[in-house]
Amino acid sequence: MYKYDPKSLVADEFINDEEIKDTLRFADENKDNLELIDKIIEKAKLRKGIDHREASVLLACDNPQKLDEIYALAQQI
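Following this note's numbering, the numbering of the sequence shown begins with 726 at its first residue and continues without gaps.
In short, the hints are calculated from the structure, not lab data.
Ideal Cβ placement from N, Cα and C applies to all residues, glycine included.
Mixed in with the good hints there might be a few duds.
List time: in silico DSS-like cross-link candidates among lysine-lysine, alpha-carbon distance up to 30 Å [claimed, not checked]:
1) Lys770 x Lys732
2) Lys746 x Lys770
3) Lys791 x Lys756
4) Lys773 x Lys756
5) Lys773 x Lys746
6) Lys732 x Lys756
7) Lys746 x Lys768
8) Lys768 x Lys756
9) Lys770 x Lys756
10) Lys773 x Lys732
11) Lys791 x Lys746
12) Lys746 x Lys764
13) Lys728 x Lys746
14) Lys732 x Lys764
15) Lys791 x Lys773
16) Lys791 x Lys728
17) Lys728 x Lys773
18) Lys732 x Lys768
19) Lys791 x Lys770
20) Lys768 x Lys791
21) Lys756 x Lys746
22) Lys791 x Lys764
23) Lys746 x Lys732
24) Lys728 x Lys756
25) Lys764 x Lys728
Quick list of the computed label-pair ranges, beta carbon to beta carbon [to be verified]:
26) Gln790 x Val735: 38 to 44 Å
27) Pro789 x Glu738: 16 to 22 Å
28) Asp793 x Asp737: 37 to 43 Å
29) Val735 x Asp793: 22 to 28 Å
30) Asp737 x Asp776: 15 to 21 Å
31) His777 x Gln800: 31 to 37 Å
32) Asp793 x Asp730: 34 to 40 Å
33) Ala799 x Lys732: 32 to 38 Å
34) Glu743 x Ala780: 23 to 29 Å
35) Asp742 x Leu771: 27 to 33 Å
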């Protein structure tokens with residue numbers, strides 16, 4: 726088994742079942758964490774990228790106000 730490495734060119738290293746499950750779990754656990762969501766949105770505003778876990782939290786978020794912020798920022802970017 727390979728260690729997760731998102732920058733690897735070897736599929737088994739960047740497509741990792743355990744990492745995918747952990748990321749989905751992280752998103753589910755944090756989809757209502759407004760403080761974390763605000764931090765991710767602020768980071769995204771810098772246009773320097775967010776990682777897959779941060780993106781998963783934004784995708785899982787169902788707060789209408791935060792969704793409006795996310796969609797508005799996506800349109801700007």
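Going through the hints against the structure:
1. Lys770 x Lys732: holds (23 Å)
2. Lys746 x Lys770: holds (27 Å)
3. Lys791 x Lys756: holds (10 Å)
4. Lys773 x Lys756: holds (22 Å)
5. Lys773 x Lys746: holds (25 Å)
6. Lys732 x Lys756: holds (26 Å)
7. Lys746 x Lys768: Given pair lysine 746, lysine 768 holds - Cα atoms ~24 Å apart, limit 30 Å.
8. Lys768 x Lys756: holds (17 Å)
9. Lys770 x Lys756: Roughly 19 Å between the alpha carbons, so the hint for lysine 770 and lysine 756 holds.
10. Lys773 x Lys732: holds (16 Å)
11. Lys791 x Lys746: OK: lysine 791 and lysine 746 at ~24 Å, within 30 Å.
12. Lys746 x Lys764: holds (23 Å)
13. Lys728 x Lys746: Holds, because 15 Å separates the two Cα atoms, which is no more than 30 Å.
14. Lys732 x Lys764: Distance ~24 Å between lysine 732 and lysine 764 Cα, so the pair holds.
15. Lys791 x Lys773: Holds, because 20 Å separates the two Cα atoms, which is no more than 30 Å.
16. Lys791 x Lys728: At roughly 34 Å apart (the allowed maximum being 30 Å), lysine 728 and lysine 791 break the hint.
17. Lys728 x Lys773: holds (25 Å)
18. Lys732 x Lys768: holds (20 Å)
19. Lys791 x Lys770: holds (14 Å)
20. Lys768 x Lys791: holds (14 Å)
21. Lys756 x Lys746: holds (15 Å)
22. Lys791 x Lys764: Distance of about 12 Å is within 30 Å: holds.
23. Lys746 x Lys732: Holds, because 19 Å separates the two Cα atoms, which is no more than 30 Å.
24. Lys728 x Lys756: Distance of about 26 Å is within 30 Å: holds.
25. Lys764 x Lys728: holds (28 Å)
26. Gln790 x Val735: 38 to 44 Å: For valine 735 against glutamine 790, whose Cβ atoms are near 41 Å apart, the range 38 to 44 Å holds.
27. Pro789 x Glu738: 16 to 22 Å: violated (38 Å)
28. Asp793 x Asp737: 37 to 43 Å: holds (39 Å)
29. Val735 x Asp793: 22 to 28 Å: violated (40 Å)
30. Asp737 x Asp776: 15 to 21 Å: Given a distance of about 20 Å, which is inside 15 to 21 Å, the answer is holds.
31. His777 x Gln800: 31 to 37 Å: With a Cβ separation near 22 Å, histidine 777 and glutamine 800 fall outside 31 to 37 Å, so the hint is violated.
32. Asp793 x Asp730: 34 to 40 Å: Check passed, 35 Å falls within 34 to 40 Å.
33. Ala799 x Lys732: 32 to 38 Å: For alanine 799 and lysine 732 the Cβ distance comes to about 25 Å; the hint is violated.
34. Glu743 x Ala780: 23 to 29 Å: violated (18 Å)
35. Asp742 x Leu771: 27 to 33 Å: This hint holds: roughly 31 Å between Cβ atoms.
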